[in-house]
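The listed protein sequences correspond, in order, to chains A and B. Note that the first sequence covers residues 98 to 400 in the working numbering. Note that the second sequence covers residues 19 to 286 in the working numbering.
Bear in mind the hints are in silico, worked out from the structure with no lab data behind them. Any given hint could be a false lead.
With a Cα cut of at most 30 Å, we get these calculated DSSO-like pairs of lysine-lysine [unchecked claim]: (1) A:103 with B:156; (2) A:106 with B:263; (3) A:107 with A:142; (4) A:142 with A:280; (5) A:148 with A:107; (6) A:376 with A:261; (7) A:148 with B:150; (8) B:263 with A:376; (9) B:150 with A:280; (10) A:192 with A:261; (11) B:156 with A:192; (12) A:103 with A:142; (13) A:376 with A:280; (14) B:156 with A:106; (15) A:107 with B:150; (16) B:150 with A:142; (17) A:107 with B:263; (18) A:148 with A:261; (19) A:103 with A:146; (20) A:148 with B:263; (21) B:150 with A:103; (22) A:146 with A:107; (23) A:192 with B:150; (24) A:106 with A:146; (25) A:103 with A:192; (26) A:146 with A:192; (27) A:106 with A:142; (28) A:146 with B:150; (29) B:263 with A:142.
So the derived list for chain A, only partly shown, Cβ under 10 Å to chain B, looks like this [to be verified]: (30) 149; (31) 153; (32) 199; (33) 208; (34) 210; (35) 213; (36) 220; (37) 234; (38) 253; (39) 258; (40) 288.
From the three backbone atoms N, C-alpha and C, an ideal C-beta is built for every residue, glycine too.
Residues per chain are reported as follows:
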Amino acid sequence: MAEQLKLTKKDRVSIWWRSTFIQGSWNYERMQNGGWAFSMIPAIKRLYKTKEDRAAALQRHLEFFNTHPYVASPIIGVTLALEEERANGAPVDDKAIQGVKVGMMGPLAGIGDPTFWFTVKPILGALAASLALTGNILGPILYFVLWNLIRMGFTWYTQELGYKAGSKITEDLSGGLLQDITKGASILGMFILGALVNRWVSVAFAPTVSEVQLDEGAYIDWDELPGGTEGMRTALEQQAAGRSLSDTSVTTLQDNLDSLIPGLAGLLITLLCMWLLRKKVSPIVMILGLFAIGIVFHVIGLM
Amino acid sequence: MDLTMIQIILVVIVAFLAGVEGILDEFHFHQPIIACTLIGLVTGEVVPCLILGGTLQLIALGWANIGAAVAPDAALASVASAIILVLGGQGEEGVTSAIAIAVPLAVAGLLLTIIVRTLATGIVHLMDAAAKEGNFRKIDMWHIIAIIMQGLRIAIPAALIVAIGAAPVRDLLTAMPAWLTDGLAVGGGMVVAVGYAMVINMMATREVWPFFAIGFVLATIPSITLLGLGGIGVALALIYLALTKQGGSGGGGNGNTGDPLGRIIDDY
Numbered sequence: 098m099a100e101q102l103k104l105t106k107k108d109r110v111s112i113w114w115r116s117t118f119i120q121g122s123w124n125y126e127r128m129q130n131g132g133w134a135f136s137m138i139p140a141i142k143r144l145y146k147t148k149e150d151r152a153a154a155l156q157r158h159l160e161f162f163n164t165h166p167y168v169a170s171p172i173i174g175v176t177l178a179l180e181e182e183r184a185n186g187a188p189v190d191d192k193a194i195q196g197v198k199v200g201m202m203g204p205l206a207g208i209g210d211p212t213f214w215f216t217v218k219p220i221l222g223a224l225a226a227s228l229a230l231t232g233n234i235l236g237p238i239l240y241f242v243l244w245n246l247i248r249m250g251f252t253w254y255t256q257e258l259g260y261k262a263g264s265k266i267t268e269d270l271s272g273g274l275l276q277d278i279t280k281g282a283s284i285l286g287m288f289i290l291g292a293l294v295n296r297w298v299s300v301a302f303a304p305t306v307s308e309v310q311l312d313e314g315a316y317i318d319w320d321e322l323p324g325g326t327e328g329m330r331t332a333l334e335q336q337a338a339g340r341s342l343s344d345t346s347v348t349t350l351q352d353n354l355d356s357l358i359p360g361l362a363g364l365l366i367t368l369l370c371m372w373l374l375r376k377k378v379s380p381i382v383m384i385l386g387l388f389a390i391g392i393v394f395h396v397i398g399l400m
Numbered sequence: 019m020d021l022t023m024i025q026i027i028l029v030v031i032v033a034f035l036a037g038v039e040g041i042l043d044e045f046h047f048h049q050p051i052i053a054c055t056l057i058g059l060v061t062g063e064v065v066p067c068l069i070l071g072g073t074l075q076l077i078a079l080g081w082a083n084i085g086a087a088v089a090p091d092a093a094l095a096s097v098a099s100a101i102i103l104v105l106g107g108q109g110e111e112g113v114t115s116a117i118a119i120a121v122p123l124a125v126a127g128l129l130l131t132i133i134v135r136t137l138a139t140g141i142v143h144l145m146d147a148a149a150k151e152g153n154f155r156k157i158d159m160w161h162i163i164a165i166i167m168q169g170l171r172i173a174i175p176a177a178l179i180v181a182i183g184a185a186p187v188r189d190l191l192t193a194m195p196a197w198l199t200d201g202l203a204v205g206g207g208m209v210v211a212v213g214y215a216m217v218i219n220m221m222a223t224r225e226v227w228p229f230f231a232i233g234f235v236l237a238t239i240p241s242i243t244l245l246g247l248g249g250i251g252v253a254l255a256l257i258y259l260a261l262t263k264q265g266g267s268g269g270g271g272n273g274n275t276g277d278p279l280g281r282i283i284d285d286y
């Protein structure tokens with residue numbers, strides 16, 4: 098029996114590194130195909146020796162491919178296993194390889210997009226942004242380090258998983274672990290989003306609803322205070338005792354809304370945006386629209 | 019503020035990295051919080067750029083390339099607005115107007131990336147030809163050229179803005195009347211809602227909506243930090259998963275004992 102062709106760990110690390118650039122030649126015709134072929138090159142070099150075999154392998158890996166860039170890794174792993182079998186004489190034809198790729202890319206993109214783009218990224222991004230807004234450089238550092246650790250860990254581990262499981266990976270996906278992760282991630286994501294909408298969508302209505310003249314003794318009577326530092330101390334003491342600074346109590350529309358629950362207006366705007374998105378209104382139009390509303394409402398004194 | 023030659027070169031390098039990442043989406047150099055901070059680091063205006071990055075990051079939370087759809091371009095938005103902020107020399111006060119500039123820039127960046135992605139179609143045909151010859155080197159080369167094109171997509175506009183210079187940029191910013199900048203600040207407080215709405219639309223199911231409500235209400239307590247809320251969120255998710263499993267296995271158990279009973283009844 099001929100010597101078995103086998104991919105070394107060095108090959109697989111090299112493929113893993115190259116797969117970082119899978120979207121590099123993203124194009125409207127076959128999308129990630131160029132990056133896919135670019136990633137497979139170390140394997141093709143190892144497994145096929147004649148020029149004809151190599152040309153055929155390159156051509157079959159330039160077929161259409163598109164998925165979430167990180168979940169491409171388990172698909173690469175499986176494809177590596179299939180190519181290895183094929184190079185060792187197993188009857189794995191072009192159709193089987195393309196079938197596995199196409200069969201896996203849809204469902205896996207369905208996991209990758211919500212997990213990475215809509216859970217990990219917003220949570221890390223919001224955490225880092227809240228640090229950055231206070232001028233803390235730890236924000237971006239934290240984001241960069243955590244994001245890349247998660248990403249590189251995920252892509253390497255799943256590529257190895259795919260390689261070892263070979264064609265059996267599709268069964269593994271229907272197993273419980275990935276489902277648990279997806280569901281847990283969406284629970285955490287929604288929870289954090291609720292908090293973010295409350296904290297970060299800032300809407301403040303300016304109009305005054307009522308102005309009430311306060312009773313004597315409910316406010317600091319500035320004319321009656323003793324002079325100098327003594328007066329300052331008395332004023333601070335009176336304020337600490339709960340006296341108002343002026344003789345009228347102003348209630349704005351915002352105060353009224355806040356007494357229902359703080360952040361209500363932000364929530365309503367978010368729900369409105371969701372509804373508009375479902376009506377296929379472009380996000381860019383909505384962003385520009387909100388800026389326009391901000392300017393108009395500010396000019397007429399509503400905000 | 020005028021930049022030295024070394025600073026200009028570094029800015030263009032940062033812009034190039036952001037452009038490359040705008041397509042790769044791997045290391046995330048194009049995310050506002052990273053890109054703006056890097057521009058801040060190389061120009062010495064760290065704090066204003068950090069704040070700009072944080073604010074833009076919140077706006078861009080939900081921007082993602084899904085399938086063939088192209089999101090508003092965070093790379094050009096963050097790099098160019100950070101450069102304008104630095105050149106304007108207004109420090110932290112310039113952040114609001116820089117944010118207002120960032121949004122049209124995101125649209126411009128989107129158009130640029132669509133152009134480059136169309137050009138890349140030509141490149142894969144060259145790769146096809148290289149594949150027929152079995153030429154690995156040529157495929158590597160064309161792929162790297164495609165990546166470089168994406169980098170130049172941001173590096174060239176960045177260099178242009180630097181070349182125009184600080185004075186015109188500053189004139190543009192100071193020419194903005196107060197009602198406009200204040201109004202933009204009001205609008206800026208609201209636009210983050212669009213990003214959240216995109217994310218929620220992706221994740222929301224009947225099952226997870228209650229967690230949104232809990233998060234919203236808990237966030238009204240100002241003394242709980244975002245990190246603290248994260249802790250509560252993780253705990254809730256773990257509890258929920260554990261409980262559904264119990265419920266599931268309990269249900270299965272009931273099913274097993276229920277089934278024979280049902281059969282007995284049927285037989286009877």
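We went through each hint and held it up to the structure:
1. A:103 with B:156: Holds, at about 25 Å.
2. A:106 with B:263: The given pair, whose Cα atoms are some 38 Å apart, is violated under the 30 Å limit.
3. A:107 with A:142: Distance of about 13 Å is within 30 Å: holds.
4. A:142 with A:280: 40 Å, violated
5. A:148 with A:107: Within the cut-off at roughly 23 Å; holds.
6. A:376 with A:261: Violated - the C-alpha atoms of residue 261 of chain A and residue 376 of chain A are around 45 Å apart, more than 30 Å.
7. A:148 with B:150: Given that 30 Å is the threshold and the Cα spacing comes to 9 Å, the pair holds.
8. B:263 with A:376: 37 Å, violated
9. B:150 with A:280: 45 Å, violated
10. A:192 with A:261: 21 Å, holds
11. B:156 with A:192: Between residue 156 of chain B and residue 192 of chain A the Cα gap is close to 26 Å, so the pair holds against 30 Å.
12. A:103 with A:142: 12 Å, holds
13. A:376 with A:280: 26 Å, holds
14. B:156 with A:106: Distance ~25 Å between residue 156 of chain B and residue 106 of chain A Cα, so the pair holds.
15. A:107 with B:150: 27 Å, holds
16. B:150 with A:142: 15 Å, holds
17. A:107 with B:263: 40 Å, violated
18. A:148 with A:261: Given that 30 Å is the threshold and the Cα spacing comes to 28 Å, the pair holds.
19. A:103 with A:146: 13 Å, holds
20. A:148 with B:263: 54 Å, violated
21. B:150 with A:103: 25 Å, holds
22. A:146 with A:107: 18 Å, holds
23. A:192 with B:150: Satisfied, since the Cα-Cα distance of roughly 19 Å is no more than 30 Å.
24. A:106 with A:146: Holds, because 19 Å separates the two Cα atoms, which is no more than 30 Å.
25. A:103 with A:192: Holds: residue 103 of chain A and residue 192 of chain A sit about 22 Å apart, inside 30 Å.
26. A:146 with A:192: 22 Å, holds
27. A:106 with A:142: 14 Å, holds
28. A:146 with B:150: 15 Å, holds
29. B:263 with A:142: Violated, at roughly 47 Å.
30. 149: For residue 149 of chain A, the interface hint holds, since the closest Cβ of chain B sits about 7 Å away, which is under 10 Å.
31. 153: Holds, about 8 Å.
32. 199: 14 Å, violated
33. 208: Violated, about 12 Å.
34. 210: The hint holds - residue 210 of chain A has a Cβ within 10 Å of chain B, the shortest such distance being about 5 Å.
35. 213: Where the cut-off is 10 Å and the nearest Cβ of chain B is about 8 Å from residue 213 of chain A, the hint holds.
36. 220: 7 Å, holds
37. 234: Holds - the Cβ of residue 234 of chain A comes within 10 Å of chain B, reaching about 6 Å at its closest.
38. 253: With Cβ-Cβ at 13 Å, over 10 Å, it is violated.
39. 258: 19 Å, violated
40. 288: Hint on residue 288 of chain A: holds, closest Cβ of chain B at ~4 Å, below 10 Å.
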